[in-house]
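K.L.:
Take these sequences, add in the hints, and give me the full structure.
Chains A and B supply the protein sequences, listed in that same order. The numbering of the first sequence is my numbering, which starts it at 11 and goes up by one. The numbering of the second sequence is my numbering, which starts it at 706 and goes up by one.
Keep in mind that the hints were calculated from the coordinates and are not lab data. Keep in mind the model is a prediction, meaning the values are calculated, not measured. For every residue, glycine included, the Cβ atom is placed at its ideal position computed from N, Cα and C. Fair warning: there could be bad hints in the mix.
[Said to hold, decoys possible] Pairwise CB distance ranges, derived in the manner of DEER restraints:
hint : chain 1 : residue 1 : chain 2 : residue 2 : range
1    : B       : Pro-776   : A       : Asp-287   : 50 to 60 Å
2    : A       : Ile-158   : B       : Met-851   : 48 to 58 Å
3    : A       : Leu-180   : B       : Thr-842   : 32 to 42 Å
4    : A       : Arg-315   : B       : Met-851   : 19 to 29 Å
5    : A       : Ala-184   : B       : Ala-837   : 27 to 37 Å
6    : A       : Ser-314   : B       : Glu-779   : 39 to 49 Å
7    : A       : Ser-314   : B       : Asn-826   : 28 to 38 Å
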Amino acid sequence: MNWRLGFLVTAAACAVLPFAVPQHSLTILVEALILGLFAMSLDLLVGYCRLYSFGHAAAYGLGAYSYALILTYVPLPLPAAILLAVAVTIVIAIPIAWICTRSTGVSFAMLTLAFAQLGYAMLFRFRDVTGGSDGLVGIPRHPGPFGIDWFQSKLGYYYLVLACLFGSYLLCRAIVRSPFGAVLAGIRENEAKTIALGYNTRAYKITTVVLAYGFGGLAGALYAAFAGFASPELFFWLTSGRVLIMVIVGGAGTLIGPILGGVSFVFLEHQLSQVTDLWPLIFGTIFMAFVMFAPQGIWGILTSRFRSRRAVSGSDSGKEAPGAAT
Amino acid sequence: MPLLECRGLVRRFGALVAVDDIDLAVEPGEIRAVIGPNGAGKSTVFNLITSVLKPSAGQVIFAGEDITGMPVHEVAQKGIARTFQLCHIFPALTVRENVRIAAQARDGRRWQFLGGGRVLNRSTSAADEAIARMRLTRMADATAAMLSHGDQRLLEIAMAIAQKPRLLMLDEPTQGLSIEETGRAVQILKDMLMEGDLSVLLVEHDMEVVFKLADNITVLHRGRVIADGSPAAVRASAQVRSAYLGGAQ
Numbered sequence: 011m012n013w014r015l016g017f018l019v020t021a022a023a024c025a026v027l028p029f030a031v032p033q034h035s036l037t038i039l040v041e042a043l044i045l046g047l048f049a050m051s052l053d054l055l056v057g058y059c060r061l062y063s064f065g066h067a068a069a070y071g072l073g074a075y076s077y078a079l080i081l082t083y084v085p086l087p088l089p090a091a092i093l094l095a096v097a098v099t100i101v102i103a104i105p106i107a108w109i110c111t112r113s114t115g116v117s118f119a120m121l122t123l124a125f126a127q128l129g130y131a132m133l134f135r136f137r138d139v140t141g142g143s144d145g146l147v148g149i150p151r152h153p154g155p156f157g158i159d160w161f162q163s164k165l166g167y168y169y170l171v172l173a174c175l176f177g178s179y180l181l182c183r184a185i186v187r188s189p190f191g192a193v194l195a196g197i198r199e200n201e202a203k204t205i206a207l208g209y210n211t212r213a214y215k216i217t218t219v220v221l222a223y224g225f226g227g228l229a230g231a232l233y234a235a236f237a238g239f240a241s242p243e244l245f246f247w248l249t250s251g252r253v254l255i256m257v258i259v260g261g262a263g264t265l266i267g268p269i270l271g272g273v274s275f276v277f278l279e280h281q282l283s284q285v286t287d288l289w290p291l292i293f294g295t296i297f298m299a300f301v302m303f304a305p306q307g308i309w310g311i312l313t314s315r316f317r318s319r320r321a322v323s324g325s326d327s328g329k330e331a332p333g334a335a336t
Numbered sequence: 706m707p708l709l710e711c712r713g714l715v716r717r718f719g720a721l722v723a724v725d726d727i728d729l730a731v732e733p734g735e736i737r738a739v740i741g742p743n744g745a746g747k748s749t750v751f752n753l754i755t756s757v758l759k760p761s762a763g764q765v766i767f768a769g770e771d772i773t774g775m776p777v778h779e780v781a782q783k784g785i786a787r788t789f790q791l792c793h794i795f796p797a798l799t800v801r802e803n804v805r806i807a808a809q810a811r812d813g814r815r816w817q818f819l820g821g822g823r824v825l826n827r828s829t830s831a832a833d834e835a836i837a838r839m840r841l842t843r844m845a846d847a848t849a850a851m852l853s854h855g856d857q858r859l860l861e862i863a864m865a866i867a868q869k870p871r872l873l874m875l876d877e878p879t880q881g882l883s884i885e886e887t888g889r890a891v892q893i894l895k896d897m898l899m900e901g902d903l904s905v906l907l908v909e910h911d912m913e914v915v916f917k918l919a920d921n922i923t924v925l926h927r928g929r930v931i932a933d934g935s936p937a938a939v940r941a942s943a944q945v946r947s948a949y950l951g952g953a954q
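P.N.:
Here it is in structure tokens:
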């Protein structure tokens, strides 16, 4: 009940937010929400399966380029093009997931990185189709279906992105709390035992990688549609590294944390880059500080504050959780 | 027909023959213990039956079906539940969550990834039942890592019985427990075994535990079966005495 209230309040606040901020910051707001969605998709792997993907840019890039390429050939309405781009990302993700999940730990990270870099290299190899280093520019946002066109305006697009983010969050939340999600917790805690209990853990991991690619592809497609272009850096390992930092700083294994991580990352970058060219240095420092002093991340800090305050008020002193389970 | 039958199992590690032509059978409802000194091949036999290791030769037949070399998770799906010598649990999850994941393993809808409230409720009540049988109800909401070593052992057994197995395999369930903890664990196990007609294969070091629980005993020595029979017969066997009991005490 508490959770539902929080969700509704947050959704309402986000809905009125565009009217409370200056018009030009709407661009950053949309970008922040898209990166929040992207970070949350990676959290399915990092936070719930302890699979550290260092190539999640592949999902983002695949979503963005699929969207752009679809529209190069077929003038589909925006929602249909986005859904189709997600479907393409998912189909390509299946063999990638099948190969990457053959290994774990560092080799898993390296394999995912290799696939992202492979995508990056292919953009330059097939420059007739992909535009090479220029990327694909001038991607349209077609109206429809049924004459719907509100998402063509910037404000309308903000609401579309908001709906995608909240919808994806609800889906992911349902997934991690389902019987399937319970198995993921088992894999995270002790994979050998989970296999011995009778679970085909590899199949669960493949499914999760594909799901993470699907949500990541949605973020990529939303980005391409918003920016109007898709460039090779979406596939680049820096994108993978940044989203991994967002997840860890936000708080892995919480879904909300990585969204906050992604959102705050975009805002900080925007603010700092206006002041100094040294902002990556500041990011590095923040990241190190979180890893060393607050491994539970932003959301972890927020919720532990809340919890300890409740414990002090003494409403239910006996029910204090022994150690953070998430 | 025996529930489990191992025929001529062999497992080599390089030049070492850890398991050398072993025949072993568990009848339905039988509680059979496998004993032997360190390095006799007990744990290797366990790993061969559960397919964690592939045999160099021989067959494992379970309920009339050849399960030799089957993937580990499929062996579990056939109805063989095991515990590990070094306790394997999910330390950051609560006791109930640990057992719930085990109970859900053979649920037809374990793959459901949206909703699934009914599967979760079903597994939770099966878990609570298994937890009660291991006398862990008081600890059900505690994080597994907070439990004493003895309770963690019982937790792993609760997970195994929540799988509703046809054959329960316990690998040294009282290893590392104090005398009091061992006594308590044996009592709980005994009560549980009296209730149902579970078939059990038990590897154990502690002779007292074996003689209290087992119907029949197989004695291994250097990868071979040197004796097989009732506890009284095994205790009386001169060969067993010289190989194991005498040497150990």
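K.L.:
A range of 39 to 49 Å was offered for this pair. Does it hold for the Cβ distance of Ser-314(A) and Glu-779(B)?
P.N.:
42 Å, holds
K.L.:
Is the distance from the Cβ of Pro-776(B) to the Cβ of Asp-287(A) consistent with 50 to 60 Å?
P.N.:
55 Å, holds
K.L.:
Measuring from beta carbon to beta carbon, are Ile-158(A) and Met-851(B) in 48 to 58 Å?
P.N.:
54 Å, holds
K.L.:
Given a hint of 32 to 42 Å, does the C-beta separation of Leu-180(A) and Thr-842(B) actually sit inside it?
P.N.:
34 Å, holds
K.L.:
Tell me if the beta carbons of Arg-315(A) and Met-851(B) are separated by a distance inside 19 to 29 Å.
P.N.:
Because 23 Å falls inside the window, the suggested range holds.
K.L.:
Do the beta carbons of Ser-314(A) and Asn-826(B) sit within 28 to 38 Å of each other?
P.N.:
30 Å, holds
K.L.:
Assuming the hint says 27 to 37 Å, is it satisfied by the Cβ distance from Ala-184(A) to Ala-837(B) or not?
P.N.:
30 Å, holds
Hint compliance for this structure: no hint is broken.
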